[in-house]
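In order, the protein sequence lines correspond to chains W and G. In terms of my numbering, the first sequence opens at residue 1 and continues consecutively. In terms of my numbering, the second sequence opens at residue 489 and continues consecutively.
The set of hints was computed from the structure by calculation and includes no laboratory data. Note that this is a predicted model, so its numbers are computed, not measured. All C-beta atoms, glycine included, are put in the ideal place defined by N, C-alpha and C. Check the hints yourself; a few may be wrong.
[Said to hold, decoys possible] Label pairs and their computed distance ranges (CB to CB): (1) W:VAL407 / G:ARG861: 55 to 61 Å; (2) W:THR111 / G:ILE906: 36 to 42 Å; (3) W:CYS44 / G:ILE788: 44 to 50 Å; (4) W:ASP156 / G:ASN512: 52 to 58 Å; (5) W:ASN29 / G:ILE788: 42 to 48 Å; (6) W:ALA59 / G:PHE620: 24 to 30 Å; (7) W:SER27 / G:ILE788: 39 to 45 Å; (8) G:ARG861 / W:PRO390: 50 to 56 Å.
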Amino acid sequence: MPTSALIELCILIPACGALFIAVSGRSPNLREGITLSTALGLLCVVAALYLRPDALHLAPIILGEPLPGLQFKLALEPLGMLFAGIASLLWVITSLYTIGYMRGNSESHQTRLYVCFAIALASTMGIALAGNLITMFLFYELLTMSTYPLVAHKQDHDAIAGGRFYLGILISTSVGLLLPAIIWVWQLSGTTNFTPGGILGSQLEPATVTMLLLMFAYGIGKAALMPIHRWLPEAMVAPTPVSALLHAVAVVKAGVFCMVKVVLYIFGVELLSASGSNVILTSIAGFTIVTASIIALRQDNLKRRLAYSTISQLSYITLAVSLLTPQAITGAAFHIASHAFGKITLFFAAGAIYTAAHKTRVSELNGIGRRMPVTMCAFAVASLSMIGLPPAGGFLSKWYIFQGAMVNDNLAVVALFLCSTLLNTSYLLPIVYVAFFKKESHPPHNAHGEAPLTMVIALTATAMLSLILFFWPQIPLHLASMLPGVGQ
Amino acid sequence: MSHLPILQVIIPLLAAPLCIVFNNRRIAWFVALCATWASFGVSLLIAQQVLQSGALSYDIGGWPAPWGIDYYVDSLNAFVLLIVTGISALALPYANRSVEQEIDPRSQPYFYSLLLVCLAGLLGISITGDAFNMYVFLELSSLSSYALIGMGPRRRALTAAYQYLVMGTIGATFILIGIGLLYSLTGSLNIQDISYQLHANNIIGSGNRTLLTAFAFITVGLSLKLALFPLHLWLPNAYTYAPSVITIFLASTATKVAIYMLLRFCYCVVGSESIFQLTLGQIVLLPSLAAIIVSSVVAIFQYDIKRMLAYSSIAQIGYITLGLSMSNHSGLSAAILHMFNHALMKGLLFMTMGAVSYSVGSVYLTDFRGLGRRMPFTMGAFIVGGLSLMGIPMTAGFVSKWMLVQAAIELGWWDVVILILIGSLLAVIYIWRVVETAYFNPLLELEEEEIGEAPLSLLIPMWLMVIANIYFGINSAIPVEFAQQAATLLLGGM
Chain W
1 MPTSALIELC
11 ILIPACGALF
21 IAVSGRSPNL
31 REGITLSTAL
41 GLLCVVAALY
51 LRPDALHLAP
61 IILGEPLPGL
71 QFKLALEPLG
81 MLFAGIASLL
91 WVITSLYTIG
101 YMRGNSESHQ
111 TRLYVCFAIA
121 LASTMGIALA
131 GNLITMFLFY
141 ELLTMSTYPL
151 VAHKQDHDAI
161 AGGRFYLGIL
171 ISTSVGLLLP
181 AIIWVWQLSG
191 TTNFTPGGIL
201 GSQLEPATVT
211 MLLLMFAYGI
221 GKAALMPIHR
231 WLPEAMVAPT
241 PVSALLHAVA
251 VVKAGVFCMV
261 KVVLYIFGVE
271 LLSASGSNVI
281 LTSIAGFTIV
291 TASIIALRQD
301 NLKRRLAYST
311 ISQLSYITLA
321 VSLLTPQAIT
331 GAAFHIASHA
341 FGKITLFFAA
351 GAIYTAAHKT
361 RVSELNGIGR
371 RMPVTMCAFA
381 VASLSMIGLP
391 PAGGFLSKWY
401 IFQGAMVNDN
411 LAVVALFLCS
421 TLLNTSYLLP
431 IVYVAFFKKE
441 SHPPHNAHGE
451 APLTMVIALT
461 ATAMLSLILF
471 FWPQIPLHLA
481 SMLPGVGQ
Chain G
489 MSHLPILQVI
499 IPLLAAPLCI
509 VFNNRRIAWF
519 VALCATWASF
529 GVSLLIAQQV
539 LQSGALSYDI
549 GGWPAPWGID
559 YYVDSLNAFV
569 LLIVTGISAL
579 ALPYANRSVE
589 QEIDPRSQPY
599 FYSLLLVCLA
609 GLLGISITGD
619 AFNMYVFLEL
629 SSLSSYALIG
639 MGPRRRALTA
649 AYQYLVMGTI
659 GATFILIGIG
669 LLYSLTGSLN
679 IQDISYQLHA
689 NNIIGSGNRT
699 LLTAFAFITV
709 GLSLKLALFP
719 LHLWLPNAYT
729 YAPSVITIFL
739 ASTATKVAIY
749 MLLRFCYCVV
759 GSESIFQLTL
769 GQIVLLPSLA
779 AIIVSSVVAI
789 FQYDIKRMLA
799 YSSIAQIGYI
809 TLGLSMSNHS
819 GLSAAILHMF
829 NHALMKGLLF
839 MTMGAVSYSV
849 GSVYLTDFRG
859 LGRRMPFTMG
869 AFIVGGLSLM
879 GIPMTAGFVS
889 KWMLVQAAIE
899 LGWWDVVILI
909 LIGSLLAVIY
919 IWRVVETAYF
929 NPLLELEEEE
939 IGEAPLSLLI
949 PMWLMVIANI
959 YFGINSAIPV
969 EFAQQAATLL
979 LGGM
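Generate the whole structure from the sequences, applying the supplied hints.
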């Protein structure tokens, strides 16, 4: 099979999967079988794509050309490969988890959920493989649209209000800022193709560069820079598997992924460092890291605490890429992987606790580690990854970003990292502590054990992935080394 | 000499009395269907000839141009002819079941006959090169559309038609006065000849007052017909209470033809470089922006969804006149392209309204509860139409929005860019209200009654429109080619 066909399959498989899932809605076993096999099929295709030596040097595939020169096209590059790999790998695990969760909580409208999940994955693949800004924008909007039914899944008042908020913020930022930014780029350079080293040329005035950069930074609302981060905690009304895959991996990672791509492939490292506007991005991201961590400290609802932690961790990636040094860019790419594995484990654990014990608050978790030891061990491992301690993947990304800051003697960033590490520790480790070392305040109504088996398997697998990433980080590092601004 | 231009008008005009002669609703429908499909075929042939060998000219009765009436087709009106006949070719198969339900069986032959007269009128306006002939066809299409709107299933259709009659007649009279003044200045009714006389006798350069007055009348009259913002009052009621098929037909064609007339008079009679263009741009700019924002906001608060879409139409007309007011090549191309794309998306959305009203009986917001599950194909089509209206990539609406924003950036009108984008965001809100109700507000237990999907004869044209909306979002080479040729032609004078 030619490599270009494999790239097309990455989008076609989940899209067709969605169709089959919709048709097979009457038989739950068949429907979930199709979900799992679609996810596995996608993973196989992405893996095959990684093993093809010519995949990264392929001519772009053109999907359509609405206006002369304005094309929808797909092209693979290292970062997209990394993002596609993470999303497809975690979709398999999440599918397993979702089946357990949806059956365990006997949720309604399950078919709609599986269909939208598959469409969301197809859009995520589209973002990962987009060859220019227009294609990226298309799939970015599709991802927003397809995740809206997932956020509003419960159909009660809160869910619909949360869904509106989610859609409102994401659509208005993307149409109001991202689209004009893209058209402006088109106007300035006559193209929107992702080109290593940027397409904007070097004659641009610093003020224009800053303006454009800010339009992109806030237009890509999924990157959740403050003050447009509020959609993320609002989206936590969604069922936990949705929060896990979409609001820890696919949606938010799509945001920072787009951000990194815009910095490396549209502006280019040289233009940004010459204009000095990257400092503004660094400061916004730094502010977000600290503020979101402080807010996370004060949240009692477990999922909301994780949501604010996500906001802060996303800004690590934005901040890292804004430093523009090779090590920091490597760290940004690596953190996309390590945060994905860590955060999805934390959400899985939160969902497992909800399913088994019907608890949603941190203050109710005293002693739960004895009833659910596997879940809480996985939670502990993921917390280590979030804080950035060995032996978890998060350590390596922090290591690289730290190095990237030290190269430029950027002491403010170093101080910020120390501060945020302390904050991470203080909002995550107490949960682990009370779960294992405190006595239950009163025994639960029905003595529960672990959550259903599929959920436990899933969260163990993602915790293992966090550890594997620490001991065998070759694949992400290899891909990151090929990014513009890092290698050669 | 090819007789295609005259066939374009004469086919529906001659088919119209046939519908009444047979006086049978099935035969009448069939005659109308054949006539519209034949007109569509003719307009395709005309478009092909125009693209290949430039403008076509046809002298009626063999009388040469300044004395006799001539039909003149260039890429601008070839494109308008395609829009009008294309939409009616899709609306007629749709009409069969929808009209059967909404209109008294005895009046159905009259209905089809009037529809064909209206079509002939619109095609005549688009094809003729004679100003007075244009007015005659305008009256033909207007009078028949008043009657068609009055045939709507609810009694308020009558007052809506009356309102439109009053406003439309004022507009038509203004246009007639304008044409009369032009005649008194130049002694000619042929558009090319008027233009030639105005330039040759240096009437334009001297800032002639009669010319100014003539243009003021024509512009205001046409603004009434095309529902430019403060003159739009007839439109919401007319679209809301008209029979479903008529709403589809009028929303996608009638206002477009009026915009075509405005373009023709402004650019082909006085020419693009004249002072009129400069002031016209400024005069139209403000109402266009007001239309985009105010009508979209009003649309958000409508509970009758057909009325909501009517207000959205006014906003979309604002986008078209906004492109017109930019008076540069990219702005004009965007405006002409949006005439086509708006016909596609509004035609589609009103088709879904027709299907909902066919199955449910009315189109209030509350009627949409649970329809996502009961009418999946109709609501799916509604979502595609809505996405196109919002301007999401890979739909037709995106392409015209892209061109319009680009034209505004080219001129450095950043405030206009912001208003265009706010308009899209408002569209998201009013479309999403319906989607949310259809998919997330289930019916109460008490209300469980059997509501099924609309019949195939409604769904097939609807989904053809869906395909068109997506196809022209992925590959709009053909309409963009037409729009750019037409813009070049308008700016270069005739």
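Take the C-beta atom of W:THR111 and the C-beta atom of G:ILE906, compute their distance, and say whether it sits inside 36 to 42 Å.
-> For G:ILE906 against W:THR111, whose Cβ atoms are near 41 Å apart, the range 36 to 42 Å holds.
Beta-carbon spacing of W:ASN29 to G:ILE788 - inside the hinted bounds 42 to 48 Å or not = Holds, at about 44 Å.
Given the range 39 to 45 Å, decide if the beta-carbon distance of W:SER27 to G:ILE788 lies inside it.
-> Holds - the Cβ-Cβ distance for W:SER27 and G:ILE788, about 41 Å, lies within 39 to 45 Å.
Mind checking the hinted window 55 to 61 Å against the Cβ distance between W:VAL407 and G:ARG861?
-> holds, 58 Å
Range agreement (Cβ of G:PHE620 with Cβ of W:ALA59, hint 24 to 30 Å) = Between W:ALA59 and G:PHE620, where Cβ atoms are some 58 Å apart, the hint is violated.
W:CYS44 paired with G:ILE788, Cβ distance criterion 44 to 50 Å | holds, 47 Å
Hint check for G:ASN512 and W:ASP156 - Cβ pair distance inside 52 to 58 Å | holds, 54 Å
Supplied distance hint 50 to 56 Å, evaluated on CB atoms of G:ARG861 and W:PRO390 = holds, 52 Å
In terms of the numbered hints stated before, the structure departs from hint 6 and from no other.
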